Structure formats: C-alpha cells, structure tokens
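Undergrad: Each chain, written out:
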Amino acid sequence: MKLEGRTIVKGEAKGEALVTHDNISFMGTINPNTGIVIEKGHELEGECLKDKILVFPQSKGSTGGSYMLYDVVKNGYGPAGIINVMAESIVVIGAIVAELPMIDQIDINKINTGDQVYLNAGEGFAEVENKTD
Amino acid sequence: MKILNLTNEEKNMLQGKQGEMIKKSMEILETLGDIYGAERMIDINNVHSPGVSYRVTGDAGLNFVKEAAYKYNSCSKCIMTLNTIGIDYDKADELGFSKEFQEKQHELLKAYESIGAIGTYTCTPYLISNLPRYGEHIAWGESSAVAFANSVIGARTNREGGPTALAVALTGKAPAYGFHLDENRFGDFLVNVEIELNNDSEYGALGYYVGQIVGDKVPIFDGIKNPTLENLKALSAALASSGAVALYHIKGITPEVIKNGNMLKENYENITYGKEEKEEVLNKFSNKGKVDMVLFGCPHTSIDELKRIALNLKNKNFLSEVWINTSQPIASLGERLGYNKIIEKSGAKIVTDTCPVLSETVRDYDLMLTNSAKMAHYAPGLWNLTTTLLSLEEIIEAAVKGYWGGNI
Chain A
-17 MKLEGRTIVK
-7 GEAKGEALVT
3 HDNISFMGTI
13 NPNTGIVIEK
23 GHELEGECLK
33 DKILVFPQSK
43 GSTGGSYMLY
53 DVVKNGYGPA
63 GIINVMAESI
73 VVIGAIVAEL
83 PMIDQIDINK
93 INTGDQVYLN
103 AGEGFAEVEN
113 KTD
Chain B
735 MKILNLTNEE
745 KNMLQGKQGE
755 MIKKSMEILE
765 TLGDIYGAER
775 MIDINNVHSP
785 GVSYRVTGDA
795 GLNFVKEAAY
805 KYNSCSKCIM
815 TLNTIGIDYD
825 KADELGFSKE
835 FQEKQHELLK
845 AYESIGAIGT
855 YTCTPYLISN
865 LPRYGEHIAW
875 GESSAVAFAN
885 SVIGARTNRE
895 GGPTALAVAL
905 TGKAPAYGFH
915 LDENRFGDFL
925 VNVEIELNND
935 SEYGALGYYV
945 GQIVGDKVPI
955 FDGIKNPTLE
965 NLKALSAALA
975 SSGAVALYHI
985 KGITPEVIKN
995 GNMLKENYEN
1005 ITYGKEEKEE
1015 VLNKFSNKGK
1025 VDMVLFGCPH
1035 TSIDELKRIA
1045 LNLKNKNFLS
1055 EVWINTSQPI
1065 ASLGERLGYN
1075 KIIEKSGAKI
1085 VTDTCPVLSE
1095 TVRDYDLMLT
1105 NSAKMAHYAP
1115 GLWNLTTTLL
1125 SLEEIIEAAV
1135 KGYWGGNI
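Read top to bottom, the protein sequences are chains A and B.
FYI, the numbering for the first sequence is -17 to 115, going by my numbering.
FYI, the numbering for the second sequence is 735 to 1142, going by my numbering.
Calculated cross-link-like contacts (lysine to aspartate or glutamate; reagent style EDC-like; alpha-carbon spacing at most 20 Å):
#1 B:805 / B:761
#2 B:1083 / B:1055
#3 A:56 / B:801
#4 A:22 / B:1014
#5 A:-8 / B:768
#6 B:1024 / B:1098
#7 A:22 / B:1100
#8 B:844 / B:801
#9 B:811 / B:870
#10 B:758 / A:81
#11 B:1018 / A:25
#12 A:-8 / B:761
#13 B:951 / A:4
#14 B:757 / B:801
#15 B:985 / B:956
#16 B:758 / B:744
#17 A:22 / B:1098
Honestly, the hints are just simulated from the structure, not real lab data.
Here the structure is a predicted model, which means the values were calculated and not measured.
Let the sequences and hints guide you as you build the complete structure.
TA: Encoded structure:
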C-alpha cells in the first residue's frame, strides 16, 4: 500500500513501523541515551525507537525536543524515519539537523506497529506492507 | 506551493558569502520556510534560546553549538537570552550535581557566551528584561515563554527549537510562516470556563486539560476574570506541556483579542471546562504517600511569588526536600528583601537557573508535590517519581506533616 504525503526532510529509510496515536515530546517522552519511551502512561511507554519508522500524530511540549531528537539519533538509538499526521516545528527542526527522513500529511490509521515500511521522503511517500498480509 | 523570495542580502547568506555557519543557518531556515510555505524572511531582533541545558543538548547539541562558536567564530546579530540550564550555577556542588555533568554544562555555556548570548538561564526571560513589545516578531524557544510572549504580550513567534533559535540569532532572519502571520492567529476553539479559578495550580489544570485537546491549535478562553501575571505564566506552561500550544487568547484580557474583537474562525469548536474537567486533571496527578520532594517555581518564580512563598513558609519546618526554582536576579532581590532568609530557615532551598525538568536527579524520590501542572506532567518521566498537583497552601501543610492524603 502506497501512502502519499508531504516531504519534510528528504532521504530514504526502511524499517518496522512503531505506531502511536499519542503525541510525542522528544524532551520528556524519550530517553536520548537509550531511545526508550519514558513518559508515564504514554501508549509507547517502554518501547525503543531504534531503527524504527516512528509514526505519530505530531510533536508536543518542550522546545528542548529538537536537540533531543538530534541527540538520540546521534547516539544511535533514534528512529530511522518519521511519519506524522501534521508536522509541528519542534520535531521538524530536530529532523532537519539530524538529517532524518520525514514526511507528514499521512493517514496513520493505515499503518500498524510491526508493518514493514519503505519511506521515500524525497518523493513524499511511504510504501507499507501490512504484517498480516 | 508558495515560493520563498529572498532579498539579495539573504541570497548572499545562503551562498556562503558571510561564511559557512551563516550559510548552514540560512539553509535550516530556508528548509523550514519551504515546508511551511513562507513567502519571505522577516527581520528578527530578539531571540530567547532553548537547548541550553546539557540534559537537552547531549553531546550532539553541545558539539553543534561549539562548532558554531569556535570553528566558525559565530556572533549573534541581536539580543539572545538563554533558557534554563541543568545546574544551579552557584550551588552545583552543594546540590549534588555530578562533576561530569557540570563540566559539560559549563562547556556549553562558554560556547553560547562566545556567540554573544546573555546568560539569563531562565524560562521567564520576560520577568528579567527580555520583554518584547506588542506585535514584535521574535524567535523564542521555551514552550511556556513562547505561549506567554505570543498570548499575553502579543509578540509573534513560532515554537523555535535550539538549532533554529541559533540560526535566527546568527542571521537576524526567520521565515514568515505560522504565528508571524495575521491569518494564523485566529482561534480554532472556544473554551467556556464555567468555574472560578483560584490559584496557579487551577490555572495549570485548565491549561493541561485544554492542551491535550487542542494540540498546536489556538484556543480562545471565555470566562476568565482578572488573572495575575503568575496565573498566566502557569496557564501558558500547562497548555504547552500536554499540547503544543504557542498562542491563546482570553476574552477581555489579552491584547490581540481586545484589539480585534471576535477572533474565532468560522468553523470553531467548543470546549467546556467545569468541575468535572478540573477533577479529571487533578485525578491524573493525585498520588498519595510520604512527601519527599516539593517543587515551586515552574516556570521560575516572579518576585511576588517568592514573597508569597516566604510568607507561607514563615516559622515552618520541613523534613522533605523543598525546592523553589527561580532566576538569579529574582533570587538576588529576594535576598535583599529578606525572603530568602525566611525560606532557608524552614529548610527549603532556593535553587536558581535550573529545575527538575532540565537537570538530572541526584537522589531517589517517590512522591513530589507541586503547584505546577507542567512539572507534574514532566517530572514522573524525567525524575522517575510520582507527582501530585496541589495549591501552595495544601502543599505546605502536607510538607510540614511529611505526608499527603491519609496516614503515614
């Protein structure tokens, strides 16, 4: 299934989808030294972002999130790519600096955790292979 | 898609004629402008930078700022104040912050200083002399200060991250999108506040409830009467914690909605905030037990808050750790006025420049009481504890007894 959206940061990535319908603040939701979600009660609490195609509605919270996204990527525990419903500036800024492939304007209900995703952010699309197919 | 038109000066920057770092900065700003359909850049004279705690930047951000400072000898073109850091600058050893963290933090501060930034180290720059004017285009980070500047002052900023705040400071330019433009400053939600709000924690609860619903959209509040500076500070911080609110209006109170009258978009949505909604937030932060940490000053206290805390702490004695976070200038005034003496006599500590959101915990705590919805939201993940949101008076009573809600 091909999902078309908007290019945010160019680049390609392949990986397993990690999907949440909760918003994410890279400051406060994620531990940048482990890539693990630490926000209590978050849908992804305890999950690790490493090498995943991270799928969530949009960023929220602290403006420290831009550097923290950059840091978690540099530390080797970051996601391989990001898919948003609507890209909010804090995660966009982090993704630009981290050169992390990212698109938005995607109906994320069509992606499930565990799906295989090929993200071609430059062309603005994601190719999703459902786990159950 | 709109096309970003650049002036000759801006084109020169992008082509590297003013150096590599200016080029890199312009590339970041141009990318952002392209994504959000900006048609031009605007001149910016005022930056408040987030990403100043080493806890936030890590080594990646530290090296990014150091490169700007030392490899490219960059210099800020305008006032650039700095957000809260990861240590109390003067009492880092006393409070137990690790040596390694302190060293990295100082490295980062020196790099910022070399760029020409002012070491304010506070999330409330508007209380200590970075106060933009109404309508001024600025580039601010610190989510609570962004919401305050846009909404209470009527200045215009998007939510800048550390890298873009730096890029704007070095170029004096920001892409004209989002909250810089009139058309994006109208309300998407009308929030009918049906109950009286009595203190900062109740303003925080309101902000927290609304932030989760509206995300990065613009709420307009109706029914809020005569809020104080501190009430608005608490509301701004909470809206930007559960959500990504950069701008809100309050009917009859904030300047833009007073000037323009009805600022609701045609197809706005309604939110009702009453007793039930307030309870929902308070229930989320309602842990009980032995109190081992108390936190006031999120965002950093004003001088009046410091005074009120001092008056409430007079002749009290605390066994648990009590922190009052504020900026150095406010603490300095508190010292002269004798507030600090009263506070310290109770066993509480005035901790400047930092807060639990941006520093690493030095001890294990189980339960924190706070009057800040923002702190109640972040501390559980960042300091691995539970939180309870209460009023100043309730907290002090509980901290004296050493427990909250039931028997020891």
